[in-house]
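Enquirer: Based on the hints, put chain B in the right spot on chain A.
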Amino acid sequence: MTGLHEDKPMAGKTLYEKLFDAHVVRQQEDGTALLYIDRHLVHEVTSPQAFEGLRLAGRKPWRPGAMLAVPDHNVPTTNRAGGIVDPVSREQVNTLGRNCQEFGVKEFPMADLRQGIVHIIGPEEGFTLPGSTVVCGDSHTSTHGAIGALAFGIGTSEVEHVMATQTLLQKRTKTLQVRVDGDLGPGVTAKDVVLAIIGKIGTAGGTGYAIEFAGSAIESLSIEGRMSVCNMSIEAGARAGMVAVDEKTIEYFRDKPYAPTGEMFERAAEYWRTLKSDPDAEFDKVVTLDATRIEPQVSWGTSPEMVVPVTGKVPDPAAEPDPVKAEGMRKALAYMGLEANTPMTNIPIDKVFIGSCTNARIEDLRAAAAVIKGGRVADNVTLAMVVPGSGLVREQAEKEGLDKIFLEAGFEWREPGCSMCLAMNADRLEPGERCASTSNRNFEGRQGQGGRTHLLSPAMAAAAGIAGHFVDVRQA
Amino acid sequence: MQPFTTHKGIVAPLDRSNVDTDAIIPKQYLKSVKRTGFGPTAFDDWRYLDPGEPGMDHSKRRENPDFVLNKSPFDHATILLARENFGCGSSREHAVWALTDFGFRAVIAPSFADIFFNNSFKNGLLPIALKEEEVDALFGLVKDNPGAEVEIDLPNQTVTAPNGTQYRFDIDSFRKHCLIEGLDDIALTLGHSEEIKAYETAQVERTPWLFNDLRGHTGG
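Line by line, the protein sequences give chains A and B. In terms of my numbering, the first sequence is residues 1 to 476. In terms of my numbering, the second sequence is residues 1 to 220.
Heads up, a few of these hints could be off.
[Said to hold, decoys possible] Calculated Cβ distances over 12 Å to all of chain B for the following chain A residues:
1) D183
2) V308
3) N341
4) L392
5) E408
[Said to hold, decoys possible] The calculated SDA-like cross-link candidates involving lysine to any residue, where the alpha carbons are at most 25 Å apart (straight line), are:
6) A:K200 - A:T311
7) A:K331 - A:P317
8) A:K60 - B:R35
9) B:K131 - A:A326
10) A:K248 - B:N212
11) A:K285 - A:R172
12) B:K34 - A:Q449
Please keep in mind that the hints were generated in silico from the structure rather than gathered at the bench. This structure is a prediction, so every number in the text was calculated from the model and none was measured. In this text, a Cβ means the ideal position worked out from N, Cα and C, and glycines have one as well.
So that you can see chain A by itself, here it is in the shape it has in the complex:
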């Protein structure tokens, strides 16, 4: 059976339901749908086994022109001209190039100005668009939900399935609306909003749900800010996070290379304006936050839900009534080398990482530069680095002179890639090193074995780099 599925004939539809229903190719009796995929982003780490699977089965990609590939996880952020030193990383990046050549897939190779982190370049190029379904073998694909797309991460078997069929087998998930209403205070950013949400609902709070972020505080964010929020949906357990389309979304795509132009743009925009939840749509769950009470956030533990306002203290497991949770907190404190009840602003840092698919867009770099301007990296900070999200972000930042602000303050200005967010390239923490990081995961060993990660906003990371310890950016 082909066509739209009317699940809730009485109530209106949520944005998720609209996007899902518009992509159903067929539906089985048990509710499993074959969902059409419009955009498939590919990177070097989760694709080689999928391409190999196609080869072994003698299959071809269904629609190679719906794919865009880029190496990002393994690429060096220094001395690009020298190539990749690590032979294993080099082989993986070369394998991506060979596979794209063989199967006719468009790739932005390492030397291309447009190369960058897969989730930065998708919207930047207008490759991912409102109303599209977007997948990638990467959990942070949720980022693209910020533009009113249904976007989620998949494993390598599903990458192969999408390559071969342009579809995925999916069941509708439940819907969760996270409403953030009110005005955000000065110095409080999109990153603080999403960390506060994760702190409230927990890392499994969104498991089994698609999240729609709504409310006046979300509406007030720029498209890039909304991307930072949707990016971390997966840290709240949800594969997909999204924000309704508004005029900001439409303006964002007016000058993007692969976005429609002229009359076609106006026709697309007319459709995009329908991409919002109906006023009478019902969500399975609603969570609300008061924007006026959100402070700049810093994580203290080894899970993104282990987060407190910078004005707070490291929590005490002795005060946690749930014994399993208390034990988890003790393990986290031991790994992080922290004492309970230490004020967050008393914690010194060794490194600063400003980058990642969460926070490496131009607005993030502007926010960091604004805090850094005229300052100097503290003596106890051994490395402070800024890694732009793409070659185009890097170019724009240089036009604005941001690179000079970073360099004069003692920050390193690097080439684009995932870098120390997951430390697959040479950028990593040494055992015991403590990092103020604008990335998305503070898991044990994430940024290097034994490394200690604290998640925060670009402005907060910049301020910590200058002070040598966490500080409230509102007083920096």
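Expert: Same frame as chain A, but now just chain B:
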């Protein structure tokens, strides 16, 4: 894919919640372009005392004697028991490949992260969600009687503990069918090629801007 019907095996208790896929298989091993060989480096940071790199002979590394999978009889376990939100974080399917390559056929926990849960079914690894108190009871049984075998019956959707207690679990009927038969999803979907083409034909009219395909791999 290896089909799954029934399985009886030793249960390894990993008493942690929020076990993330970075912990199951650290990033340095994701540089492999293969699906196999991840077993020796499953839980690498917890399992070994020295840092690991791809290409090492992992049998010569220093094992952490306190880690459950280094202790007999759990080094031969085929069922992993853990706490809530197992498999959270990165979408890396390498985490599932590491578990199956180690020899695991099933993971039992109160809850799983969505992407890991999905990836498991594609590789013949059965994720079983039991109630928190049932998982608690299993942890107790394994502690009192390490090495006792637990039996999993997928057609009947039951887990039978060594003391005879039986727990029922839920599973999506389509996933169950695919797992029991060891079906290849892609071949199944390609059986609906005509419907996919019909959808595309209709969509080209509705949203033509989504069908402006990119060309080649090096072109502008």
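Enquirer: With reference to the structure, classify each hint as holding or not holding.
Expert: The hints, checked one at a time:
1. Under the 12 Å C-beta cut-off, the non-interface status given to D183 (chain A) relative to chain B holds; the minimum distance is some 33 Å.
2. Remark: the non-interface label on V308 (chain A) is consistent with the geometry, its nearest Cβ contact in chain B lying 18 Å away (cut-off 12 Å).
3. Every Cβ of chain B is farther than 12 Å from the Cβ of N341 (chain A); the closest lies at roughly 23 Å, confirming the non-interface assignment.
4. Distance check on L392 (chain A): its Cβ is at least 15 Å (rounded) from any Cβ of chain B, clearing the 12 Å threshold; non-interface status holds.
5. A cut-off of 12 Å between C-beta atoms confirms that E408 (chain A) is not in contact with chain B; the least separation is 33 Å.
6. A C-alpha spacing of about 17 Å is found between K200 (chain A) and T311 (chain A), which places the hinted pair at or below 25 Å, so the restraint holds.
7. For the hint linking K331 (chain A) to P317 (chain A), the alpha-carbon distance of about 10 Å falls within 25 Å, and the restraint holds.
8. Restraint check for K60 (chain A) and R35 (chain B): the C-alpha separation of about 20 Å stays at or below 25 Å, so the hint holds.
9. Taken as a hint, the K131 (chain B) and A326 (chain A) pair is honoured in the structure, with Cα atoms around 20 Å apart against an allowance of 25 Å.
10. Annotation: proposed proximity of K248 (chain A) to N212 (chain B) holds, straight-line Cα distance about 23 Å (limit 25 Å).
11. Under the criterion of a C-alpha separation no larger than 25 Å, the hint pairing K285 (chain A) with R172 (chain A) is consistent with the structure, at around 15 Å.
12. Of the pairs offered as hints, the one joining K34 (chain B) and Q449 (chain A) holds, with about 23 Å between alpha carbons and a cut-off of 25 Å not exceeded.
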